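Undergrad: Single-letter residue listing:
2 protein chains.
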Amino acid sequence: MSILVVGTVALDNVTTPFGKVKNALGGSATYSAVSASFFGKVKLVGIVGKDFPRQFISFLISHNIDTNGLDIARGKTFSWSGKYTFDLNNPQTLKTELNLLARFNPNIPEEYKKERFLFLANIDPHVQLSVLKQLYRPKLVVADTMNYWIEHEKKALKKVMQKSDILVVNDAEAREFSGESNLLKAAKALLAHGPLLVIIKRGEHGCSLFSPSFTFHIPAYLLEDLADPTGAGDTFAGGFLGYLASCSRINEGTFKKAIAYGTIMASFVVEDFSLNRLKKITKKDIQARFIHFRKMTRF
Amino acid sequence: MSILVVGTVALDNVTTPFGKVKNALGGSATYSAVSASFFGKVKLVGIVGKDFPRQFISFLISHNIDTNGLDIARGKTFSWSGKYTFDLNNPQTLKTELNLLARFNPNIPEEYKKERFLFLANIDPHVQLSVLKQLYRPKLVVADTMNYWIEHEKKALKKVMQKSDILVVNDAEAREFSGESNLLKAAKALLAHGPLLVIIKRGEHGCSLFSPSFTFHIPAYLLEDLADPTGAGDTFAGGFLGYLASCSRINEGTFKKAIAYGTIMASFVVEDFSLNRLKKITKKDIQARFIHFRKMTRF
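Going line by line, the protein sequences match chains A and B.
First residue of the first sequence: 1, per the numbering used here; consecutive thereafter.
First residue of the second sequence: 300, per the numbering used here; consecutive thereafter.
In isolation and in its complexed conformation, chain A is listed as follows (with noise of 0.2 Å):
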């Protein structure tokens, strides 16, 4: 089944000890999006402005992303700058642009209400929530979000808890909203808001998932080569929730693969700027990196 995607679409500025970028095509909804469509149909709802280069969308199109829910309006793309040092787990803001972004309160087109697989990607939880409420009834919600909205907009990210199926956060993230250290109880107070599953993205050192009846753990797939983190979290969200729209039946298995998929699709996007990566790799190549993966870590 397809997916609908809503969060950010972003021109960013990215420096790595590995190279920089400007003007690069980003934001959460952009990499989610793209990472979804190589395992189906991807409706993508964002807000850009007349500075978004064409090849951009036509870019999107090629990937078979539906592109009728976004927005491009009179005014400026939000703009993310960063420069990443050698940990590359995070990056330093150098400015944030929201400029379009700030007055985005998207409409659904009404042929994505009746859309059962939803991904908001990180992006303002009232965003967030105004999307949940426009959606008929989806089957499966995974929500993002960032330590921003922890910060501030607590209250909102906890209705958007409450009403997703599926949290994605990173440890750091985890640990802020929940006051706790260690992960397990992290994630055990991050479910008592309603979500079913939580994943805890750990960057370079992989991911867990847990639910109130099992948990999972991951380590991430070691590259030698890597040139920029940017939007990893996004495309590894992408990648899982685009595995299991393509699925028939959803269970605790498909979910352990779709966090499989999800690892892997990150480990492309880092191997260069930007989506660059992405525009370069085929079904095929998901598919030999998913076996080799899991050869390494099966025992």
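Among the hints, a few may not be true.
[Said to hold, decoys possible] Pairs of lysine-lysine, DSS-like flavour, derived with a Cα cap of 30 Å:
no., chain 1, residue 1, chain 2, residue 2
1, B, Lys-555, A, Lys-185
2, B, Lys-555, A, Lys-257
3, A, Lys-283, B, Lys-555
4, A, Lys-83, B, Lys-487
5, B, Lys-484, A, Lys-83
6, B, Lys-556, A, Lys-295
7, B, Lys-583, A, Lys-185
8, A, Lys-280, B, Lys-484
9, B, Lys-484, A, Lys-257
10, B, Lys-556, A, Lys-185
11, A, Lys-284, B, Lys-484
12, B, Lys-594, A, Lys-139
[To be verified] Now the stretches of chain A that chain B is said to cover, found in silico as 3 or more residues with beta-carbon under 8 Å:
no., region
13, 176-183
14, 203-212
15, 255-262
16, 292-298
[As the list claims (entries may be wrong)] Far from chain A by the CB rule (all over 12 Å, computed), these chain B residues:
no., residue
17, Lys-349
18, Asp-365
19, Lys-394
20, Leu-434
21, Lys-438
22, His-492
23, Ile-585
Hints in this document: simulated from the structure, not taken from any laboratory.
None of the values given here were measured: they were computed from a predicted structure.
Don't be surprised by glycine CBs; every beta carbon is placed ideally from N, CA and C.
Following the hints, put chain B in place on chain A, whose structure we already have.
TA: Here is chain B on its own, set in the frame of chain A:
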């Protein structure tokens, strides 16, 4: 088959956010020998002083550990005092009293020299080399070390690596030895110094195994309550080699299982101070956690 363990036997003073112990049983050889003893017979080579409590020796013997190679000399036992804050990966060393360890030059008992499985636990690499010279024909040599020897005895350590089949280090040590921040590159650099396999421990983030022909990654066994991380790496190594020595054949599959058993043993030891947790578990507990661990990592 039985294994021979050479390393430190210590009296530890440890403080963590969860409590403290004074003059507790510790040392690299102690943790690894007791851990390995769950899988088969262990022979221990080390040195202690007359101050070493008799009940600690009884405890080792009760674990089927042959202590004929434990020299009880006139003088004081090696003692380590350390403190952990909430970052449980990195203890602060408050005091290291070498005492008898400073002049430790082991004489391997004649009946130990035919041992086929040797664990050179963390100790001065000159001591490790002396043991290697005395053994007739070890089949599998596993060597551990620490940052101090990398900084001060790199030449001797390199000789140990040349004569070892498997090197066990943590991520910081791997980076320090190789000068490579990327773990894959660091592992390759270490492999170039002779060992057939390199194991890089990453504390609460799991562990990786590198060989020229395959790699293997495993997360840690996540615990809700952790009391004292002291000896986790030694306990890991003891479980790893103990399991291998119990196998009728050693291949890629048994190496991976051995890593999992090592991880499980480490997950037990950190649940209490000193070796207290290992006093209370049985093979059945180990097997149950192993099965659970497999379930929570397989996809």
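Undergrad: All hints, please: hold or fail.
TA: Hint-by-hint comparison with the structure:
no., hint, verdict
1, Lys-555(B) x Lys-185(A), "holds (29 Å)"
2, Lys-555(B) x Lys-257(A), "holds (20 Å)"
3, Lys-283(A) x Lys-555(B), "holds (29 Å)"
4, Lys-83(A) x Lys-487(B), "holds (29 Å)"
5, Lys-484(B) x Lys-83(A), "holds (24 Å)"
6, Lys-556(B) x Lys-295(A), "holds (13 Å)"
7, Lys-583(B) x Lys-185(A), "holds (26 Å)"
8, Lys-280(A) x Lys-484(B), "holds (25 Å)"
9, Lys-484(B) x Lys-257(A), "holds (28 Å)"
10, Lys-556(B) x Lys-185(A), "holds (28 Å)"
11, Lys-284(A) x Lys-484(B), "holds (27 Å)"
12, Lys-594(B) x Lys-139(A), "holds (27 Å)"
13, 176-183, "holds (count 3)"
14, 203-212, "holds (count 3)"
15, 255-262, "holds (count 4)"
16, 292-298, "holds (count 5)"
17, Lys-349, "holds (41 Å)"
18, Asp-365, "holds (30 Å)"
19, Lys-394, "holds (27 Å)"
20, Leu-434, "holds (30 Å)"
21, Lys-438, "holds (22 Å)"
22, His-492, "holds (19 Å)"
23, Ile-585, "holds (15 Å)"
Checked against the numbered hints above, the structure breaks none of them.
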